[in-house]
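> Sequence:
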Amino acid sequence: PGARPFSPSALQRYAACPYQFFLGALLRLQPAEHPEPLQQLDPLTRGSLTHAVQATLFRGLRARHALPVVDDTLETALAELDRVGQDVTEEYRDRLAPAIPRVWDDEVAAILRDLRTWLHRLAAEGGEWVPAHFELSFGLRPDPEHDAASVKDPVLVDGRFALRGSVDLVEAHASRPELRVVDHKTGKNRVSGPLLVGGGAVLQPVIYALAVEQVLGKPVVEGRLSFCTSAGGFSVEAVPMTDTARRAGLEVLDIIDRAIAEGAFPAAPRERECDWCDFRPVCGPHAVLRAARKPSPSPDLVELRSRP
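Heads up, the sequence shown is in the numbering used here, so the first residue is 1254 and it goes up one at a time.
Just so you know, nobody snuck in bad clues.
In silico EDC-like pairs for lysine to aspartate or glutamate, Cα to Cα no more than 16 Å straight-line: (1) K1441 - D1295; (2) K1441 - D1367; (3) K1471 - E1431.
Pairwise CB distance ranges, derived in the manner of DEER restraints: (4) L1279 - E1328: 44 to 52 Å; (5) P1493 - R1413: 19 to 27 Å; (6) A1545 - T1497: 27 to 35 Å; (7) R1429 - G1486: 23 to 31 Å; (8) A1517 - R1546: 16 to 24 Å; (9) E1328 - R1500: 43 to 51 Å.
No wet-lab data here; the hints were simulated from the structure.
Think of the CB as a built atom: it goes at the ideal place given N, C-alpha and C, for glycine as much as any other residue.
Turn these sequences into a full structure, and let the hints steer you where they fit.
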């Protein structure tokens, strides 16, 4: 991170397994793609489709002067969701060519149903926070779908660490010069207990907050994970940007930076991490057994995984 920009999602791989981080984030290996007919939406496609609908919805509501979503603008927001949802899902249908139309229609209907519930919950919050930037990117190639305030250069945090990425949503407080960063999640909420960096596996709230402060030049008071579907129970995990949270984020970057400098990437998967790792064909089926016979991983890794 001191010499090359990384995204928070890439940095999270280190806590999952240092060897996975080495293969995916440093060597940039990817699973081979084998074209197959789309039978059902995989989690990545479902998340991508949901985020596309949300960003397009917010842009449409801003053009209609219907933000924030409150009781008075809820009907407008729901109508806009119906319109945007149809347009975006048709675009994805053309791109993905689902093999079984009925399965695709059922999956899309479930996504839009969840987003209607999500809008109702936004309205219930009362409009204290106003959506201001959608898909705010830094260090990525220019894209017309990114927010106008995006910057093409990586962001330098603490004067040392280069970061890149795209933030789903940045909200501005209605009466104070403060920002709130929101990362939308479409899977299950597996956060347990108080959250700062989630043992190095949940970096978006803190790291995105630090980056957005550099991009927009305003203080971020909170980073959030918003589980915006029924799978995640429409729950929210908030991380107030206290001195402790900021220090925790920078310490994670320090640990990963030291590991890269030392070339220390043992195959030391976290519990059950191999179950959904892209690199199982590289390690084979017995990586966990081999790791258990070896000395404990580095003290830095043990310390990182113990952090809330």
